[in-house]
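Here are the chains, one letter per residue:
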Amino acid sequence: MNVLSFFRRKSSAPVARERLQLLLAHERAAGGGRSDLVNILREEILAVIAKHVTVDRDRIHVKMDRGGSVSTLEVDIEIRTPPGDALALSA
Amino acid sequence: MAKVMVVTSGKGGVGKTTSTAALGAALAQAGKNVVVVDFDVGLRNLDLVMGAERRVVYDLINVVQGDAKLAQALIRDKRLDTLSILPASQTRDKDALTEEGVARVIGELREKFDWVICDSPAGIERGATLAMRHAEIAVVVTNPEVSSVRDSDRIIGLLDSKTEKAEKGERVEKHLLLTRYDPGRAQRGEMLTTEDVLEILSIPLLGIIPESEEVLKASNVGSPVTLNNAASAPARAYADAAKRLMGESVAMTIPNDRKSLFGKIFLRRAA
Numbered sequence: 002m003n004v005l006s007f008f009r010r011k012s013s014a015p016v017a018r019e020r021l022q023l024l025l026a027h028e029r030a031a032g033g034g035r036s037d038l039v040n041i042l043r044e045e046i047l048a049v050i051a052k053h054v055t056v057d058r059d060r061i062h063v064k065m066d067r068g069g070s071v072s073t074l075e076v077d078i079e080i081r082t083p084p085g086d087a088l089a090l091s092a
Numbered sequence: 038m039a040k041v042m043v044v045t046s047g048k049g050g051v052g053k054t055t056s057t058a059a060l061g062a063a064l065a066q067a068g069k070n071v072v073v074v075d076f077d078v079g080l081r082n083l084d085l086v087m088g089a090e091r092r093v094v095y096d097l098i099n100v101v102q103g104d105a106k107l108a109q110a111l112i113r114d115k116r117l118d119t120l121s122i123l124p125a126s127q128t129r130d131k132d133a134l135t136e137e138g139v140a141r142v143i144g145e146l147r148e149k150f151d152w153v154i155c156d157s158p159a160g161i162e163r164g165a166t167l168a169m170r171h172a173e174i175a176v177v178v179t180n181p182e183v184s185s186v187r188d189s190d191r192i193i194g195l196l197d198s199k200t201e202k203a204e205k206g207e208r209v210e211k212h213l214l215l216t217r218y219d220p221g222r223a224q225r226g227e228m229l230t231t232e233d234v235l236e237i238l239s240i241p242l243l244g245i246i247p248e249s250e251e252v253l254k255a256s257n258v259g260s261p262v263t264l265n266n267a268a269s270a271p272a273r274a275y276a277d278a279a280k281r282l283m284g285e286s287v288a289m290t291i292p293n294d295r296k297s298l299f300g301k302i303f304l305r306r307a308a
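Here the protein sequences line up with chains A and B, keeping their order. Here the numbering used here runs 1 ahead of the position in the first sequence, where the first position is 1. Here the numbering used here runs 37 ahead of the position in the second sequence, where the first position is 1.
Read the hints as simulated data drawn from the structure, not as lab findings. It should be emphasised that the depicted structure is a prediction, and the values quoted were computed from it without experimental measurement. Keep in mind that a hint or two might mislead.
Pair ranges (Cβ atoms, derived) [as the list claims (entries may be wrong)]:
#1 60/A - 163/B: 35 to 45 Å
#2 136/B - 13/A: 38 to 48 Å
#3 44/A - 136/B: 24 to 34 Å
#4 64/A - 148/B: 53 to 63 Å
#5 45/A - 197/B: 22 to 32 Å
#6 227/B - 40/A: 33 to 43 Å
#7 203/B - 67/A: 20 to 30 Å
#8 26/A - 287/B: 26 to 36 Å
#9 40/A - 116/B: 50 to 60 Å
A short, non-exhaustive set of chain A residues, derived as facing chain B with CB atoms under 7 Å [stated by the list, open to error]:
#10 12
#11 14
#12 18
#13 21
#14 25
Ideal Cβ placement from N, Cα and C applies to all residues, glycine included.
Throw the hints in and build the complete structure from the sequences for me.
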C-alpha cells in the first residue's frame, strides 16, 4: 500500500451499515416465516404455467435482486417445443 | 418480585456467557439474590467461566426431569454467597428440556431469587427459545460486526413473538449490550459505531463493553470479570450496566484500561 492509497482508503464501517440496513429492511418485511419467498413464488408460478404448457421443473430459474428502492424478480422458464410443432413450423 | 432475564444473541461467541457471569456477579455484589442458569445443554460453559466446574453434581436436566431437587443442583458461589449457578447438562442434548419442566423450574427459582438470569445457547432452536420463553427482560449481546447485528435482529423478532410475554400480547423489555467495542476503530470508520448499531436494531442501550484483555484473563481463572478485576474497564462497564438493570440512571461512558506511563512501568514491575 503506497501513500496515495492510504489517503484514498475509504472507511469500511459505513459500507457495513448500509449493507445491514438494506438486508434487514428486506428480512423484516419477509417476516421470518416468508424467508423462502423465492421458493414459494417459484412453485406458484410453475403451477400456473403448467396448466397451459408442459414445463420441465429443472428449467425454471427464479432470481431475486434486492435493491434499495426497487427489487427485481426475474423468472426464466424454458418451454420445450414439441417435436411435431417444430416440424410444422419448418414446413 | 423476582425478575427473569435472558442473555441472548443468536450468534455464538459474542459474549453471552461472559456477560451472564459478569452481570450476575455485579447484581449479586449489589446485594441481590441471583441465580445464573445455563441453558446450553451439551455445551455447558457457564460453570467453567464462573469457576464452579468441579462442583457440578446435578444439572438443569436432572431437575427438569425430576431426578434431583432444585436445591441439590444449585451451586453457591464461593466468593459471593448471594450468587448461585444452575449448570446445564454436558452429556444430554437439548431435547431433554421439556417446556413444562422448564416452566416449573423457572417458577421455583422465582420464589428463591431476586434475579433469574438465563444464559441462552447460540442459534434460534429449542434451547434458545426455551431460555427466552419465560423472560420479562432480555439482554441482546451484540458485537459491532455485520453478522452479529443481523442475528441480533432475528433474535429480537423471536423475543417479540415466541416468548410467554409476547403470546399474552405484552412486551419483553429488551436491552442492547454492545460487547468487544473498540472506540478507536469506530472513530476511524473501521467498526460500526454504537449509534450505527442502535439505529439499526432500535432497542435501548444497556451498556458498551470495551474490547479488553481482562475478559480472557478472568475466564482463564474462572472468575466473572466484575469480580476478578473490579477496576478494569470491562468490569466497570458491566457494573454500570447492572446498575441500569436495577433502575439506576448512570451516564453512558466507555471505560478504558489505558494507564499512564508511570502506571505501565509500575504495573509491569509489580507483575
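Hint-by-hint comparison with the structure:
Between residue 60/A and residue 163/B the beta carbons are some 39 Å apart, a value that agrees with the proposed interval 35 to 45 Å. Take residue 136/B and residue 13/A: their Cβ atoms lie about 43 Å apart, and the range 38 to 48 Å holds. For the pair residue 44/A and residue 136/B, the beta carbons lie near 33 Å from each other, so the given range of 24 to 34 Å is met. Checked against the hint of 53 to 63 Å, the C-beta distance between residue 64/A and residue 148/B comes to roughly 56 Å, which is consistent with it.
Between residue 45/A and residue 197/B the C-beta distance comes to about 29 Å, which sits within the given range of 22 to 32 Å. Evaluation of the 33 to 43 Å hint for residue 227/B and residue 40/A yields a pass: the beta carbon distance comes to about 37 Å. For the pair residue 203/B and residue 67/A, the beta carbons lie near 28 Å from each other, so the given range of 20 to 30 Å is met. Range check, residue 26/A to residue 287/B: about 33 Å between beta-carbon atoms, so the 26 to 36 Å window is met.
Taking the beta carbon of each, residue 40/A and residue 116/B are about 53 Å apart, inside 50 to 60 Å as hinted. For residue 12/A, the interface hint holds, since its Cβ comes within 7 Å of a Cβ in chain B; the closest pair sits about 2 Å apart. With 7 Å as the threshold, the beta carbon of residue 14/A comes within range of chain B, its nearest partner Cβ sitting at about 5 Å, so the hint holds. A least Cβ separation of about 5 Å between residue 18/A and chain B falls short of the 7 Å threshold, and the interface hint therefore holds.
Given hint, residue 21/A at the interface with chain B, holds; its Cβ is 6 Å from that chain's nearest Cβ, closer than 7 Å. Interface restraint check: residue 25/A against chain B, minimum CB-CB distance 5 Å, threshold 7 Å, status holds.
Of the numbered hints stated above, none is contradicted by the structure.
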